[in-house]
Each structure stands twice: as structure tokens, then as C-alpha cells.
Amino acid sequence: MTSIYLHKTFCTLGRAAVAIPLFLGMALAVLAATAGAAPSSTAPIAAQSGQLAKVEVSLTSGLSKVGEPVAIRVSVTQNSGRQAGAVKLGILPEVEGLEFGRPQSGGRRSYTSQDSRGRVVSTVTSTYLIEVIPSGPGEYLIPPISVTVGGEVYVRPVSAMDLRVVEDLAASDLLFLERADVPKRVFEGEPYTVELDWGWDSALEAASLNLRIPWYGRQDGVVELETPTAGQLYDFPVSGNQRISVVGLPDTTRDGRKFRTFRLRRRYVATRAGTVDFSRSIFEFTPQSERGSRFIRGRGRAYYRPLDPFSIEVVPVPEEGRPIEWTGAVGKFEASREALRRDVDAGEPIDFELTYSGMGNLEFFPAPDLSRMPAFDGFRVLGVDDEKGAYERVIKYDLVPLSASADEIPGVPLTVFDTESETFVELTTEPLEIRVRKVAGADGPDPFGEKVEEEEQPPAIVLRDIAARPSDQGGTGGSFFERGPGAGSALAALFLGLVGWRVLRRVARANGDPASAEARRRRGALRSLERGLGSSDPKELSVALETFLAARTGTEPAEWIGQGALPEGAGMNPAELPQELQADYAQIRQDLDAAIFGGQASRTPDPARIRSFARAATAGGL
Amino acid sequence: MVRMAWIDLRVWLLAVAVSLALGTTGLAQTAGVGAAEEGAGEGSVRWRAGDHEGALQFWESKLEGAAELPSRERARLAYNVGVAHHTAGEPLRAAAWFESSLRLAPRWDDAKANRDLARADAGLDPKDMGLVGGFVRFFTRGEAEWLALLGGLLVLLAGAFDAFRGGGWGRGPWLAILLLPFFWTPLLGHIFQGESEAVMVIDEDGAALYGTPDTGRERLGKLNQGAESLVLDRLPGWVKVLDRGEERWTDEDSVLSLMR
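For the protein sequence lines, the chains are A and B, in the order given. First residue of the first sequence? That's 1 in this note's numbering, and the numbers climb one at a time after it. First residue of the second sequence? That's 623 in this note's numbering, and the numbers climb one at a time after it.
Bound-form chain A, shown alone (with noise of 0.2 Å):
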């Protein structure tokens, strides 16, 4: 295997000038390692000859910064000459201080071909990348892995994988991130906080930014809460390919350097118990360079400011004391009530409102149902308007004092698991005085009827009667459709439509087409003239009546003008239309003539007479 790395090497390199001091400087590095040294941990290792493929195992880098991406690089060469084997990578080690990631499905390949004696050579190569995680500064040896080709089993690197990971000191300096406290241990159903805190050096110009939270939303058992802002919402890149709204703060200055920071908060309820894991953030910034120019500009080194692991322990609310009344609220809260309106008639409406305040899961326990509690049976609840807040929730409440004799809105009680003494504590609320003035006819019965508990009944199913009556007297009814025509006959309609359409669209079509304008204005020509003879004016009606000839015939209005009797030819026959027909248009036609051009305008003809010739005319054929 050594004679084969220092082929390669020589190779590649590939000047013998060169090649013979760095020939002599390798052999004496060879010469070191079988003497016992390890050879380096990103050195390929190159597949023993007589083997299938060639399998390179190696880190991305022996050197790296806390946060900085790190990889195990899988390459595997097969000659595409014969058929190429699948490969499978093995169980990775398990290594103290270090996580892997899950490997690239499939990996990347890629394909090359070279001319070798007048014969095509064709090499596929996959590469796979498995990412190392580490948890903080040090040095770590990765044992080789196994890789298995077409059942073949390779064992690469020969020696452990040397990693160093160190802080990234000049990263402290321009970068920062930090988080405020969390509690160390949450109940059940009890809200909590984190805030990260970030900033770079705001001399410096970003080329890149990358918030790396890997738990944000894959945290199991946990809800996120609605959390209020205040400030400059930005949409922050966070791990790599996703955006978040974050606070975009004032610049702070810490060190005498002034620093661009943002924030990102966020409000979460535990719903189960258990621990809840933040794993490393790491701030990741890379500034512009400041070589090029200033649209040519390269990128400079990035920076990395990690942030250490850390976790809440979600214990449950304790079942020991829990009382009957309790409905869900864990926190430390206060309560306060306040009626804007105390001094009512009986009967009348009186706003009062509950405020419960503090650190708590406020959204999440129902309202006080004030009709289940016998000390407010002097009041009726008319309606109930919840506002819930993140820190604050407002219940109000329209109660109507049933008698005059009320002096008093009762405290409201309301069970809480107080967080602080890990105990079931009620909350009351101060009683708050009222005063209720009697009025005329208000005394009686309650005025809104007797409070009566209302159970919801479903709806009765019951069997339903017997039909009684015969279908032939009305019973059910008897149908015409009872007895159908037979499928053949629905097939035989069915073949009639599809051959009846093609032969009435032939048929028809014989004599044009009836969607042209001319079919169109032949049969719309009754009902223009119908529209024409809406006027007295002859001219008019005489237009009206040559425009309908015209229509009907297939001819121009302008051949009409003077035209004493129904000639022949123009799409028509004249000798086919009764004789009395004829004679009409041609008094028509010399009544419009006489009150057109004689100035006899008593002989303008009745419309009544003009339409009935139409019609007439119509009807015979014109």
C-alpha cells in the first residue's frame, strides 16, 4: 500500500524535477510511518490493488473552529468499464464528545472518462459526506469506518481520524451570543422563556449571517406560545435555509466596540415531562472582505460564536392534594375584578371584569363559570367576553343582580398551582360592593324566567309508524317511472340523439350555414321590423318594411327603395306567394310612395297593415 501512495504522489505531481527531492522528502516519510508514526489523518488512502474500487476516507478538515462546519469525506471510485457495485456505508463509531449526522442519501457523483491507448477508461466516483458534530473544544480521534462495494468490505482510514477542534478567539471579539436564564425546571403546563441575545462588531459588514439553532421547532412535548414584540422585526436567516422574525435591537457596546444585536424570544408551555434539549447555537458571520473593490469583493473568513448546550427539566403538576376545582392553571398569578358601573337598577346589566396576571399559562385554564357557583346565585350571567393575553387575561363578565337586595359581587375563586411553593392555591378575588335600586314592577319573580338546568336531550329516534294505506289508495304513492322504458330503449334513444344530431346538422345545413349573418338577419327580420314600426313617420316605416324585404330575401334595403311589386329572383319567388299578398305590398308600397313623395300624409299606412303583410309574407314562404 505504501508503494502505491508514493506512485500516486509521484505521479501527480508529475516534473521529474520536482519529483526527485519531494520523491527522496516522501520515501523518508514513508520510511517514518512504517517505522511506527501515524500518518496523517486526512492523507487518502488509496484501494489495494486487485480490489474493486478505490475508497478515500477523510476529514474536510483536521482543524477547526467550534461551530465550523466539519466532515467526513466517503469518496468511492469504481471503473464504470464493469458493472459498478452499491455501496454501503458501516455503523459509524461511537466517539466521546462527538456526534455524526446522518449520511447524503446516495451521495453526489460524478463521472469522468479518459483516453488510455486509444481506449475510453470511464470512472464513476461517490462522494459522502457524514457531518461531525462536536461538542466543544478538544481533540478527538475517529476511528476508520467501513465501507462496503459490491459485498466488498474496505476499512478506511488505516489509523484514527485526528480532529482538533479549538475556540475561535478572534470570533469572541466581533461576535457574541448569549442567552438570558431559564428555569432549570418547568411544571407541566407552565410557560417559559428563552431569549438569545446575538451582534457582530458593527464596524464590519456582513457578507453572510447564520443563526444555527438546530432545536428551534424539533423540540418534542412542547408548544410555542404566542410572544409579544416590541421593535424592529427582521427576518433573520436561521439554520442555514429558513428565516425568522427577530428584534432588531438598539447597538449595544461592550468593550468599548459597538455591536449591530438582535433578538430572538420566544414563549413555550411543556406539555408533557420529561427534559427539554437546546443543543449548540452557534452565531456563524462572515464579513465582507475588504480587498476588491466595492462591487468586486471577495468573502473573508467566516466567524463562529457558540452558544453551550442547555435544558429544562419538565416535572408534572404533583396529584397529591390536586384539588376537585382545579382546571389547569400553573403559574403565579394575580387576580383583580373592578366593575365600572356599581350603582344599578334590579335588572339591569353590570360590566365586571376579572383581570389574572403574572407568569403562567393564562391562555390556557377556562374561565370562572360564575353560573355553577351558589354564591352568585342572586346574579344571572348574561354573556361572557374572554380576552386572552401572553401576560394578562381579561374575563368580562355582564352580570344582572336578580333582586335589590344585593350588596355585594362575590369574590371569585380560582385554583392555581403556584410554581413558587409547588402548592394548590386559591385566588380569591376581593368582593366589590354594589348597590342595586329597587324599581317599579321589579319586585316578583326572577324577570328572566326560573334558572332551570338546561340539559342538552339528543333528539328522539324513534321507529318510525307503519305505511297503512296500500300504495294503489296513497299510501306511498305510486310513480309513472316505476316501469322503465328498458335499457334498450335508453340505448336506442341514445343512438337516435348522436345519428339524429349528425343528420339534422347535415340536413339543415344543405341551404348554409344558420349561424351566418345572413340566416341570423333573415330570422330576426320579424322582429326588426317590429322595432321599425314603432314609429308613424313613412319614411321611417318605409325603411322598416324595405329593411324586413331585404332581410328576407337576401338582399340590399336599397333595392327595396321604389320597388312597386315583389320581384322575382333575390333568394325569392313571387309566383309562389298568393296573389292577394302581392297586391298588398304593392298598395303598401303606393301608399308609402304617396306619403313619402306626394306629400299625402293621410295615406300613410296603418304599422297593423305592414305588420300583417310581414307575417304574412313570412308564413308564405318569402
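Keep in mind that the hints were calculated from the coordinates and are not lab data. Ideal placement from N, C-alpha and C gives every residue a C-beta, glycine not left out. One thing to keep in mind: the hints can contain errors.
To be verified - Simulated DEER-style distance windows between Cβ atoms:
#: 1; chain 1: A; residue 1: 384; chain 2: B; residue 2: 661; range: 50 to 58 Å
#: 2; chain 1: A; residue 1: 242; chain 2: B; residue 2: 754; range: 39 to 47 Å
#: 3; chain 1: A; residue 1: 109; chain 2: B; residue 2: 843; range: 51 to 59 Å
Fit chain B to the known structure of chain A by using the hints.
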């Protein structure tokens, strides 16, 4: 002499007693007739008079060989039989009768409601025939034939408009053709379902299945209560049914025909 008088007295007493008994029955019957709806059938009159058993027998006897009766009347009789069985505490059997009634009158709300109630009382799931199945079963065979006929006529009508008017009407026939699946699905559904008889399992323990009509042979499974199956053949006391594509024999008493 005295002995003869005593015999005569006994005869008279017996006659009076018989008369009284007959009179009472007659009054009861008269009262029953009076309580039934006008035009009610004989079975309904018996039912209203409280003679549920008699009414059930009457309706069942009417249904025997009732092929000449209109399907609505057969549906009514089957429905009434279902009501009688449900009232008698046999919801599974009642569900089968309501189902057979619905096959004759598919949109009868009362039958549907009673079927659902009976199925629920028998511990069966609600009947779900799916969208297409429900659409097919929404119509009787006769109605489905009329609907298919209407589809053909619609094509003809739309074609006539296209032929004589043209223009935008030209789309009409194609639209009608596109609508043909709607018009033809019920009929095709009925044709594919065929007129073959179906049965429903009315035995609470299910219907045991055998390869041959012989209880001495190995049992090859069972149809659960409420399951429906096509009838392929019959032998005295036995019915050949289809179970997951396999032909099996089952006891005639554990199933009820849905064809009336």
C-alpha cells in the same frame, strides 16, 4: 226430568258464554277497525288493533308471490314487516327488511330512517355505499332507464339546436355528451349489479360458510352479521353465496333475501 232440565240449563249457560265471548271479540275488532286510518289495508287494521303477530303474518303472506304488485306496494309491505320485527325486538332482521324495502323505493325517508335505527340497535355500522354506489341506488331500475333515455333525448335536442341555429349552440351536443355519464351511471350500475338476488346475514353469530351444502364438512369461514352477499344458487335449506370471490354455501335460516 230434573236431569234433563239441568242439561238444558248447562247448554243455555254455555250458549250465553259463547255469545258473550264472540260479542266481546267482535266489539274489539270493531274498535280496531275504527282506530285504523281510512283506506288502511287489512294488515294495518290488525296492527292498529294490537294484533301484531297477525299483521306480520298477513304482510308476509301478501309478499309471498307478490311479483305482480307494484314495487311501491311491495316496498310498503316489506317496510311494515320491518317495523313489526323491530317492534318484536329483532332489529337485525328488521334492518334486512328495511333494506329490501329501500331496494324497491330507494328514496323513502321513513324506510331509510328505520333502517339506520335498526342497524344501530343491532350494533351495525351505518350503511355507507360510497358516492357512486349511493348515486346508483338513488334510483330504481325503471327510473334509471328513464334517466338514460333522457340523456339520449338531450343529445338529440342539443343536436337539433346545433343543426338549426349553429354558432354557440354547437357546444350543446358536446356538453350533453359530457353529461352522459351522469345520465347513464345509474342504469349501468343496475345492469352490472344485475337482477340477481342478494341476501343479508341476520344471524347474530354470523353465517357459517361451507364448501359444500353439508354441515358435516369443514367450516370455511363466516359472513358477519349484517353482511350482504349475492345469491348464486339455492338448495332446500341452503344458499350459495359469494364470499370474497369464493363460492360458499350457508344455512338458509341465517340469511334473509333482500329481493321482494
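Falls inside 50 to 58 Å, the C-beta gap from residue 384/A to residue 661/B?
-> At roughly 57 Å between Cβ atoms, residue 661/B and residue 384/A fall inside 50 to 58 Å, so the hint holds.
Look at the Cβ atoms of residue 242/A and residue 754/B and judge whether their distance stays inside 39 to 47 Å.
-> 44 Å, holds
Satisfaction of the hinted span 51 to 59 Å by the C-beta atoms belonging to residue 109/A and residue 843/B | At roughly 53 Å between Cβ atoms, residue 843/B and residue 109/A fall inside 51 to 59 Å, so the hint holds.
Of the numbered hints given earlier, the model fails none.
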